[in-house]
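Student: Sequence:
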Amino acid sequence: MTQPQSAEQLPYHRLGRLATRYGWWRPLTGTLVLAVAYLITMVVLMTVLAALGSAMGYPEDGDGWPQFGPVMETATDLLAIAAGIPVVLLTVRWVGGRRAGTVSSVTGRLRWRWLLLCVLTALPVVALSMGGLSLLPADAGEPAARWAGWAAFGRALAVLVVLVPFQAAAEEYVFRGWLTQTAGAFLCSPWAAVLPQAALFAAAHGWGTPWGFADLLVFGACAGWLTWRTGGLEASIALHSVNNLFAFGVSAAVVDGLAGDETAADAGWQVVALDVLGIALYTAAVAWWAR
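Each residue of the sequence shown is one higher than the one before, counting from 407 in my numbering.
Among the hints, erroneous ones may be present.
Simulated restraints, written as ranges between beta carbons of each label pair [unchecked claim]:
| # | residue 1 | residue 2 | range |
| --- | --- | --- | --- |
| 1 | Leu516 | Val439 | 20 to 26 angstroms |
| 2 | Leu683 | Trp500 | 28 to 34 angstroms |
| 3 | Cys594 | Leu539 | 17 to 23 angstroms |
| 4 | Ala620 | Ala456 | 21 to 27 angstroms |
| 5 | Thr615 | Pro530 | 25 to 31 angstroms |
By construction, these hints were calculated from the structure, which means they are not laboratory data. Here the structure is a predicted model, which is why all the values come from computation and not from measurement. Think of the CB as a built atom: it goes at the ideal place given N, C-alpha and C, for glycine as much as any other residue.
With the hints as extra help, turn the sequences into a complete structure.
Tutor: Encoded structure:
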């Protein structure tokens, strides 16, 4: 079969078939290699961090892991997820047999101007959603939040601004990128490629509440649809990055806010209602820009 000469000749979800010598085994083998390579990367990264923590004299917990404190532990978690970006790109190139940039967009690269426009679109939408959350009554029995102070907040925010975009982008490269194109290598329908990754994205965050799972499912589906509609990951990276930066920033503003272990999977229905509304507004706005 003659293969297209350019990524722009295929819809985004079908770019997994772009290899010079495409074979049905490439997407499946690549998924296995991706999982194993990421696991190895995590082991190496955690080993290095543990050694550094011990060398710098940080106290250790019962498992022998250095207690870096909430901010640095959050940074460690973000860095661990961000490591998925090079793993995906190398898998696309070496196992997928195509240009690494074809997982970014149909142009074979990340479209920075389009990404900036999507970020500017996401900022007011997410700010509006977060503003709505501030109007919700606090849970009964929950202690009042205490301001962390400008110095502590500034240090935490500096770390978050640097690392959160990479963490969010890594999740997009894995779910809206690799997994969507893997499904699309076998299935022509964009929805058949988009929905499985959305379910896996929600499941990857763990089970908290049915509302939280539904919220993550909606996010994954809308982000996946935008990726197909716009031909690249920029729109989903923008929303994910801005949303996470706001969420982490709010947590960093209060004492021990970053020490909590709750995720979007634990959200209640009021939070989910506001979030889904924001996702819908953003999806409509970006689709309008891309028309």
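Student: Could you run down the list of hints and mark each one as holding or not?
Tutor: The hints, checked one at a time:
1. Leu516 - Val439: 20 to 26 angstroms: 23 angstroms, holds
2. Leu683 - Trp500: 28 to 34 angstroms: About 42 angstroms separates the Cβ atoms of Leu683 and Trp500, which means 28 to 34 angstroms is violated.
3. Cys594 - Leu539: 17 to 23 angstroms: 40 angstroms, violated
4. Ala620 - Ala456: 21 to 27 angstroms: 37 angstroms, violated
5. Thr615 - Pro530: 25 to 31 angstroms: The hint (25 to 31 angstroms, Cβ to Cβ) holds, given that Thr615 and Pro530 are roughly 28 angstroms apart.
Consistency with the previously given hints fails for numbers 2, 3, 4, ordered from lowest to highest.
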